Each structure stands twice: as structure tokens, then as C-alpha cells.
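Asker: Here are the chains, one letter per residue:
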Amino acid sequence: GQQVMQIPQYQHVQEGEDFTTYCNSSTTLSNIQWYKQRPGGHPVFLIQLVKSGEVKKQKRLTFQFGEAKKNSSLHITATQTTDVGTYFCAGRGGGATNKLIFGTGTLLAVQP
Amino acid sequence: NAGVTQTPKFQVLKTGQSMTLQCAQDMNHEYMSWYRQDPGMGLRLIHYSVGAGITDQGEVPNGYNVSRSTTEDFPLRLLSAAPSQTSVYFCASSYLQGPHEQFFGPGTRLTVL
Numbered sequence: 001g002q003q004v005m006q007i008p009q010y011q012h013v014q015e016g017e018d019f020t021t022y023c024n025s026s027t028t029l030s031n032i033q034w035y036k037q038r039p040g041g042h043p044v045f046l047i048q049l050v051k052s053g054e055v056k057k058q059k060r061l062t063f064q065f066g067e068a069k070k071n072s073s074l075h076i077t078a079t080q081t082t083d084v085g086t087y088f089c090a091g092r093g094g095g096a097t098n099k100l101i102f103g104t105g106t107l108l109a110v111q112p
Numbered sequence: 001n002a003g004v005t006q007t008p009k010f011q012v013l014k015t016g017q018s019m020t021l022q023c024a025q026d027m028n029h030e031y032m033s034w035y036r037q038d039p040g041m042g043l044r045l046i047h048y049s050v051g052a053g054i055t056d057q058g059e060v061p062n063g064y065n066v067s068r069s070t071t072e073d074f075p076l077r078l079l080s081a082a083p084s085q086t087s088v089y090f091c092a093s094s095y096l097q098g099p100h101e102q103f104f105g106p107g108t109r110l111t112v113l
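Protein chains in written order, with the numbering used here: chain A, 1 to 112; chain B, 1 to 113.
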């Protein structure tokens, strides 16, 4: 079945450093979403990418969807302590599949 | 708009007991789903539904039942609780068309002794 992996599992950075998490699917995706979960909270939607090669930016966050629609990345420039949390990608397979499969997540720790 | 609500927030069960986790949404979303979250495992899909009367299995459906009699409600039933079902359970909902943004409930922390 469809599997979505993320690396790294954990990243510790100094405030001001950049951060990137990578997401890889075993199957081609119709779209990919990214979520952020603060410690003790629930996942909150950040963005959705649909087109092959798509790049979207939200302030210091840059999201990319691979040309083959099987991988994606989230890059944060100049991290802040407010960026702390776990970042998940989630992919929906093509065709009749509606289910959304989440990646394993990357926990980001930011040291002031 | 209450969004997605889940009850209870916390629950402790003994092995073999059954219970139902409640989930409701007031956004008229067609798609609803249940995930469990365990350390290092991310969010794993248990069951999902694309509308009233339609449910399907996710990645880890064993030991859980669901039904969708209305658009608003999507309860998750644990038939005979096991310690391996100790986890945090999240319910989520979204539209089927359009941006598909998933709205999550606050979660239920379940411990099975």
C-alpha cells in the first residue's frame, strides 16, 4: 500500500539557522499537504500542492512538489522559536483513492 | 462554528473493555477520518468515510469499527481494548472537492491497562 516517509525524524537547530524536511511517497500522489503540530496540540493545515514541480511560499516557509509527484520538501529560512513543532506531509493517491496518508513527521527543536 | 469536536479528552480502559470515541463536525464536510498517533510513528489512518453510509479501511483498521449514519458524526468503536491501542486518537474532516484542508479535533488520549 501507499507509504509516505519523512526525513529527518528529528532536527535541532540554533535560532536563525535554516531547516529542511523531505517527504517521499512510494506511489505517485494527486496532491500533497503539509501540517504543523505544536507540542500537545493537534495538526494544523499549512498548505496544499497539486501541480508537478509546484513551489509555494508562505513568509519564511517554502514548499516544493517534485516533478514526478512522489516527493516534496519544506524549507524554513532563519528559524524562530515559534517554529518549534512536528511537521507532517500528507499525500493523497491518484485515481479512486481518497484516503490521506500522513508521513512519519519531523520534529523541529529550535534553541534560542 | 465549533469545528471538529471529540469526546472524551482522556480515557482509561482495562483490557477487554469496549468503548466509543465520539467525533462530530459542523462544517458539512463529506470526508471524515480517524488517525492514531504514537511516538515515532506519525499519524496512521484507521478508517475514513467519504459520506454518510460509506466507510473504508485505512492503514491500521484491526480492532476498530466505524459507521457514518449522518454527515456530522463519525464514531470510532474499540471492540475489545488491548494495551497496543494505547495512543492519541485524532478525528479529522474536510471537503471532498476543493482545497481538501483537513480540520482536526483536539484528540482523545486513551490508555489501556
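Please keep in mind that the hints were generated in silico from the structure rather than gathered at the bench.
These numbers come from a predicted model, not from an experiment.
You may find that some hints are simply not true.
[As the list claims (entries may be wrong)] With a straight-line Cα cutoff of 30 Å, these simulated DSSO-like cross-link-like pairs (lysine-lysine) come out: (1) K70/A / K59/A; (2) K9/B / K99/A; (3) K9/B / K36/A; (4) K57/A / K99/A.
[Said to hold, decoys possible] To be clear about the criterion: a stretch of chain A counts as covered by chain B if any three or more of its residues have a C-beta under 8 Å from a C-beta of chain B, and this derived list gives those stretches: (5) 29-38; (6) 100-107.
Glycine residues also receive a C-beta, built at the ideal position from the N, C-alpha and C atoms.
Asker: Please go over all the hints and tell whether each is borne out by the structure.
Answerer: Okay, the hints, checked on the actual structure:
1. K70/A / K59/A: Distance ~25 Å between K70/A and K59/A Cα, so the pair holds.
2. K9/B / K99/A: 25 Å, holds
3. K9/B / K36/A: Holds: K9/B and K36/A sit about 21 Å apart, inside 30 Å.
4. K57/A / K99/A: 26 Å, holds
5. 29-38: holds (count 3)
6. 100-107: holds (count 6)
Hint compliance for this structure: every hint is met.
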